[in-house]
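J.: Residue-level listing of the chains:
Number of protein chains: 2
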Amino acid sequence: MLRVVLIGAGNVATCIGRALCRQGHQPLAVYSRSQSSAQSLGQLLGCDWTTDKRALPAADLYLVSVKDDAIGDCLQGMSFGNGVLAHTAGSVDMRILEPYAKHIGVFYPLQTFSKSEEVDFTKITAYIEAKDNVSKNTLLSFATILQTKVREVDSARRGQLHLAAVFACNFANHMCTLAGDLLNEAGLPFEDLLPLIDETVGKLHRLPPVEAQTGPAVRGDQGVQQQHLAKLDQQKAEIYRLISESIYRHAQL
Amino acid sequence: MLRVVLIGAGNVATCIGRALCRQGHQPLAVYSRSQSSAQSLGQLLGCDWTTDKRALPAADLYLVSVKDDAIGDCLQGMSFGNGVLAHTAGSVDMRILEPYAKHIGVFYPLQTFSKSEEVDFTKITAYIEAKDNVSKNTLLSFATILQTKVREVDSARRGQLHLAAVFACNFANHMCTLAGDLLNEAGLPFEDLLPLIDETVGKLHRLPPVEAQTGPAVRGDQGVQQQHLAKLDQQKAEIYRLISESIYRHAQL
Chain A
1 MLRVVLIGAG NVATCIGRAL CRQGHQPLAV YSRSQSSAQS LGQLLGCDWT
51 TDKRALPAAD LYLVSVKDDA IGDCLQGMSF GNGVLAHTAG SVDMRILEPY
101 AKHIGVFYPL QTFSKSEEVD FTKITAYIEA KDNVSKNTLL SFATILQTKV
151 REVDSARRGQ LHLAAVFACN FANHMCTLAG DLLNEAGLPF EDLLPLIDET
201 VGKLHRLPPV EAQTGPAVRG DQGVQQQHLA KLDQQKAEIY RLISESIYRH
251 AQL
Chain B
1 MLRVVLIGAG NVATCIGRAL CRQGHQPLAV YSRSQSSAQS LGQLLGCDWT
51 TDKRALPAAD LYLVSVKDDA IGDCLQGMSF GNGVLAHTAG SVDMRILEPY
101 AKHIGVFYPL QTFSKSEEVD FTKITAYIEA KDNVSKNTLL SFATILQTKV
151 REVDSARRGQ LHLAAVFACN FANHMCTLAG DLLNEAGLPF EDLLPLIDET
201 VGKLHRLPPV EAQTGPAVRG DQGVQQQHLA KLDQQKAEIY RLISESIYRH
251 AQL
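One line per chain: the protein sequences are A and B, in this order. Using my numbering, the first residue of the first sequence is number 1, and each one after it goes up by one. Using my numbering, the first residue of the second sequence is number 1, and each one after it goes up by one.
Everything labelled a hint here was simulated from the structure, so no lab data went into it. Not one of these hints is a red herring.
In the PhoX-like style, the derived pairs of lysine-lysine whose C-alpha atoms are separated by at most 25 angstroms in a straight line are:
1) Lys123/B x Lys203/B
2) Lys203/A x Lys67/B
3) Lys67/B x Lys102/B
4) Lys67/B x Lys231/A
5) Lys67/B x Lys115/B
6) Lys203/A x Lys123/B
7) Lys203/B x Lys203/A
8) Lys149/A x Lys203/B
9) Lys115/A x Lys149/A
10) Lys203/B x Lys115/A
11) Lys53/A x Lys67/A
12) Lys149/B x Lys203/A
13) Lys67/A x Lys231/B
14) Lys123/A x Lys203/A
15) Lys53/A x Lys115/A
16) Lys136/B x Lys123/B
17) Lys236/B x Lys203/A
18) Lys203/A x Lys115/B
19) Lys149/B x Lys115/B
20) Lys53/B x Lys131/B
21) Lys203/A x Lys149/A
22) Lys236/A x Lys203/B
23) Lys67/A x Lys102/A
24) Lys136/A x Lys102/A
25) Lys149/B x Lys131/B
26) Lys53/B x Lys67/B
27) Lys136/B x Lys149/B
28) Lys203/B x Lys149/B
29) Lys131/A x Lys67/A
30) Lys67/B x Lys136/B
31) Lys136/A x Lys67/A
32) Lys236/B x Lys236/A
33) Lys67/A x Lys203/B
34) Lys149/A x Lys131/A
35) Lys203/B x Lys123/A
36) Lys67/B x Lys131/B
37) Lys102/B x Lys53/B
38) Lys149/A x Lys136/A
Same shape as in the complex, but just chain A:
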């Protein structure tokens, strides 16, 4: 039985902790700087919790899920013995962990995490990186417990993956925000777009996105595009023009 300590009590730690419990693998303990966060996650998972850096129990895996720029400060003053220390961040180099432990690695589950929502780890991929075989085997065991698919990537490729996720998740979501603004101006509810959005994503399961592309930009339909640009404020018009050009360019490749 892999002994796991969660460092951090935010969205990622909460979702991973709950998934471990669902698999019957309770974490050993939760650490957080904030007592209320540590306590509430510890109670949720039915395990020990602490705010004392010196009180971490001996474990096989210490999983750090705190904000990217807080990782160093957080680990300062902790001891990990022969345990593996791994972080869960997309854009942070594994080497940030080198000053703190002998066995280090990364376990980056590619998903958007909210405390309130259960994550189905069997459907996602965790991108792992390990400095040595001890770290690698521990991370693979951990992935097996979560029943998560695993792919090994180095920090550079993981960074690229995170960048791709920003486009596909964060930027795609913002396109929906702008669509919502436009509907709002016409007194129409955002919900009316949901079946269209669902179908747009449904197609991505069957076709590469460049083949699923529809609309005036890919058709090179200048008439409709001019009509649309005339309705947009300067900032939305700039986005419209830039993305439409990019769509058209991709269609010519």
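Starting from the known structure of chain A, fit chain B onto it as the hints suggest.
T.: Structure of chain B alone, referenced to chain A:
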């Protein structure tokens, strides 16, 4: 029983025709300029088909689903008697139909249509516009047959809706194309992003998109953004910068 003639045999006409048949309301006939298109849709729906503008049967509703800039040419030389003539386009003003029939209207089902895929009309909204009560009642009867939700909008608001759909569907899809490019550079498959994309859209069913927004731009995380910009070519960098600014601005509202 509403007598319907479909004018056009493309994606929209095919999906509407099949949905009518599923509801036990076979169209009376299909018209298309192209014999092979008219014939294949007629046979698919088990109804008459013609390429002769003078051979349209008397009907209650003539539904035109041809390319936006082909509507005028297509209708030239047809007679609609007391039937209602309606088109299905997002960005075309209803008044384009005025020269051709007494009773006119618009029936714009907000969805992306492909011949190969069944559309569930019970889940979508049709935006209707009618010049008079005859048109309106006929379009409402038609929506009832398809079990489609209905909202009345004028041509200006419908244009705004189509513009919003370009952002939420066409532009969001292109964000996935760019993400696919970035993954490809790292030798990673697009499929790995699908669970993340599915969850991004899943959240839109529960939260307004501005509240569902995550990522470095909304957090104002300049460190990660600079790291990302350094990895992008000029065109992607320009898109990244513009959208990130827009995300940040929306978060301050």
